[in-house]
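Just so you know, the sequences run in chain order A and B. Its first residue numbered 1, the first sequence is counted upward by one per residue in the working numbering. Its first residue numbered 374, the second sequence is counted upward by one per residue in the working numbering.
Check before you lean on any hint, since a few could be wrong.
Restricting the straight-line Cα-Cα distance to at most 20 Å, the calculated cross-link-like pairs of lysine to aspartate or glutamate (DMTMM-like) are [claimed, not checked]:
| # | chain 1 | residue 1 | chain 2 | residue 2 |
| --- | --- | --- | --- | --- |
| 1 | B | LYS552 | A | ASP188 |
| 2 | A | LYS160 | B | ASP500 |
| 3 | A | LYS171 | B | ASP500 |
Calculated directly from the structure, the hints in this document are not laboratory data. Since the model is a prediction, treat every value here as computed from it, not as a measurement.
The primary structure of each chain is shown beneath.
There are 2 protein chains.
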Amino acid sequence: MKKIIVTPWEVKGELEKLDYTKLIKKFGTKPLTQDLLEKLKKITGELHLFLRRGVFFSHRDFDWILDKYNVGEKFCLYTGRGPSGVVHLGHLIPWMFTKWLQDKFDVELYFQLTDDEKFLVKDLSLDQTLSFSFNNVLDIIACELAPEKTHIFIDTQYTKTLYKLALRIAKHLTFSTVKAVFGFKPSDNIGIIFFPAMQIAPCFLPSILKGKLVPCLIPASIDQDPYWRPARDVAPRLGFYKPAQIHSRFLPGLGRGGKMSASEPETAIFVTDSLEVVERKILNAFDGGQPTLREQKEKGGNPDICLIYQYFYFLFEPNDKKIENLKSDCKNGKLVCGECKQKLATKVKEFLAGYQQRREKAKNIVDKFILKD
Amino acid sequence: MKKIIVTPWEVKGELEKLDYTKLIKKFGTKPLTQDLLEKLKKITGELHLFLRRGVFFSHRDFDWILDKYNVGEKFCLYTGRGPSGVVHLGHLIPWMFTKWLQDKFDVELYFQLTDDEKFLVKDLSLDQTLSFSFNNVLDIIACELAPEKTHIFIDTQYTKTLYKLALRIAKHLTFSTVKAVFGFKPSDNIGIIFFPAMQIAPCFLPSILKGKLVPCLIPASIDQDPYWRPARDVAPRLGFYKPAQIHSRFLPGLGRGGKMSASEPETAIFVTDSLEVVERKILNAFDGGQPTLREQKEKGGNPDICLIYQYFYFLFEPNDKKIENLKSDCKNGKLVCGECKQKLATKVKEFLAGYQQRREKAKNIVDKFILKD
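Just need the whole structure built from these sequences, with the hints factored in.
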């Protein structure tokens, strides 16, 4: 079995085989227990699909965030993106969940675009990473975040406030520490060595901007967790709350293994794909069906390894009864793959058509979202 | 003999014994030869005291700067300061010389205040280092720099442009490189490890702001030289000219050894000292005189070890004939120390009275000097 690698820069390997329980142990986080979900449900009235189906599966101090909320101390949300040309469905997962949290708790969101990081680690110019950032702002706004409560900022634009905060953090982070956490080598450039301070800074930004202590909750995929360990170490030394996190797993790609990857276009559904392309990608996706229709009817399909089923399960079939039926129909051979793929394609196209419309409209309201120094 | 240490963070030891020829060898710079000074004199018509008396003694590519100037390609000046509470006469040396260069060549000056650096290495808050910066802006303006051609900027204020440029530099500087140049240790914080990119950035700032290649000349004391070595390595990779430098020696303190130090107030003349305090400091300074007046008249004094003589030589007696007379009068026992000190005190007080007036007036014209993003 190939090694599975999960770091902020690299997520590689056969992700459908990734053992998320082991990841919790390895990263030292805590599982989202039923008790905790019940506690959340008491506030929100319902649980998001991503919680019921285990897309968000791990956390640090999420219980503390709820306790604070219950005594009237509202938190802020913080998430981010390393800007690149294309956003795929996998990227939307934390953002959609963030939107849900924003609505349910009526809280503000700080959204960081780390164009500096992308510039430092990729063969890209600052103009390119900035242009990606502006594009990604549209992708983010299209997730229906509340304009009056969402503050998007790009590192090389909102630099003054961010750099000052990063300096305060950097003063407490030694090279030894970041080397241990991120595995930096002497051949790494000094920009990327400093960068953890820039990504940690927004954890404390709400407290700075509000002039009072504000708890911070970070919904993000688990590979970003290394940043929050030094963030939590530094917080009390600077007089801030430790940032809390809630971690998502990865949406598998449409081919075998790996998260959706921008470098393998056929394995991912990009939010800017035409509806025809989306349909083709889904029809060509790896499924759990039998080689022939006759065998399918006789033996049934295998939803456990089927990516079509996973897309229904994690994203496109929120109804618990219906997803159960879909699973048993597949296993019983009642459902054939072509038909099932067509159904998914219809749902994805419907979703994307709406998303793409919102993305287009986002161009007119960008200013409402951008945080300025 | 105690070791003499010369690094950007520490200049320590008996500086009057510092062998500047050895320093040129150690740092790999070039001496300011008579030929080069003649070449300069052809343009400027005269040579500044600091050049005639060897205060500026070393350079990199200063000849190239003059060649460029002679074919019509004007350079920009860049110098800087790590802001702290007090500025002493030693600090003014590069600034006074910079003013002279600005006047003679009619060129623009970029002046950096590295409050980020001071914050990262000292037990100071960002508010403190910023407040020092604003104070130092007055100290700088009081050197009579041309408002329309002088651009002063503070790192945590003029951050957007500077950080972007620093990122481009940082991408080409590995931890190995800065470790080799600055002797960083794993226990150093990641802010100071990134900082060389922030201090190198202004070398290329004029080219960025003018949208064309501009040669850059840095007048600064020799201890800052380590920054310009990686700056020169990186320049061609980013498509900029290598920055040229002209290096000054240190003005000795009024006690024995060491450069003037803010931490030993009696050894330095601060620009904000009252004229009474200045007089006292000079009268108490270490001199080359004999224990008694009779011995002084018989044996004469020793100007070579006398700090009073050095202050005349380096700063307060620009007339070459007069300084010669002063020396021989001292050696012959014609001059007694008390009288000589009184003469120096009068000159220093005269200078400082004017400086302090200009510093007061500077408060009204700060805006003309501050560079904004």
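Do the hints match the structure? See the list:
no.: 1; hint: B:LYS552 <-> A:ASP188; in the structure: 12 Å, holds
no.: 2; hint: A:LYS160 <-> B:ASP500; in the structure: 14 Å, holds
no.: 3; hint: A:LYS171 <-> B:ASP500; in the structure: 15 Å, holds
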